[in-house]
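> Single-letter residue listing:
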Amino acid sequence: AQKVTQAQTEISVVEKEDVTLDCVYETRDTTYYLFWYKQPPSGELVFLIRRNSFDEQNEISGRYSWNFQKSTSSFNFTITASQVVDSAVYFCALFSTDSWGKFQFGAGTQVVVTP
Amino acid sequence: DAGITQSPRHKVTETGTPVTLRCHQTENHRYMYWYRQDPGHGLRLIHYSYGVKDTDKGEVSDGYSVSRSKTEDFLLTLESATSSQTSVYFCAISEWGTDTQYFGPGTRLTVL
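Note that the protein sequences, when read in sequence, are chains A and B.
Start counting the first sequence at 1; every next residue gets the next number (the numbering used here).
Start counting the second sequence at 1001; every next residue gets the next number (the numbering used here).
Hints listed in this document are in silico derivations from the structure and should not be mistaken for laboratory results.
One should not assume that every hint holds.
[Claimed, not checked] With the Cβ distance kept under 7 angstroms, some of the chain B side facing chain A (calculated, not the full set): (1) Gly1040; (2) Leu1043; (3) Thr1100; (4) Phe1103; (5) Gly1106; (6) Val1111.
Note that the Cβ used here is the ideal one computed from N, Cα and C, for glycine as well.
Start from the sequences and build out the full structure, keeping to the hints where you can.
Structure below.
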């Protein structure tokens, strides 16, 4: 069985503050993929990043960065210098090859950025 | 734009009536998925398809059926809608089972 836990239900920050979203996953498989999606108030789901279990290299894309640590089964996401447009629900998701075709999503973290 | 459309985008229906939601893709991807999104639950997989006429159940498949007679269309049917099926339904596509899933705009369904 696989599981994704996003313990933070909501995070509120003031613009320009950094915000880190936690994601902890469980899987018995050695080959798996981790994802982050963003859902702005308009409702669509926007893909942000995909990582596989063999690549623990951290990644930075503009103001976004991801910290993947297999030792703690975590795939955390940081927004640097947050902006109002970052206000959204962010979902972490896991796909492992022993659950073929089936993504497991976390419950999501609501990020509220105020000016 | 991943070339995914869902119809209808909004629907209000009554308990006990049948409802069919349609997902259409222009990308010719092999895999298609139906999810429902409810507060506190994230997205939960209802059914998915790995090819024409090939489908499998997800986590919350009770009360739902699906069909895929063409690569581009994946239909989700509620045979007899219940109020517990009030939700936002998302369709997704991917080329392979391990690939990134891209989502449609969603359908908001209200069952009174």
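> Could you run down the list of hints and mark each one as holding or not?
Consistency of the hints with the structure:
1. Gly1040: At 6 angstroms from the nearest chain A Cβ, Gly1040(B) passes the 7 angstroms test, so the hint holds.
2. Leu1043: Because about 4 angstroms separates Leu1043(B) from the closest Cβ in chain A, which is inside the 7 angstroms limit, the hint holds.
3. Thr1100: With a minimum Cβ separation of about 5 angstroms from chain A (threshold 7 angstroms), the hint on Thr1100(B) holds.
4. Phe1103: holds, 4 angstroms
5. Gly1106: With Cβ-Cβ at 6 angstroms, under 7 angstroms, it holds.
6. Val1111: Not OK, violated: Val1111(B) not within 7 angstroms of chain A, min 19 angstroms.
The structure does not agree with numbered hint 6 stated previously, though it agrees with all others.
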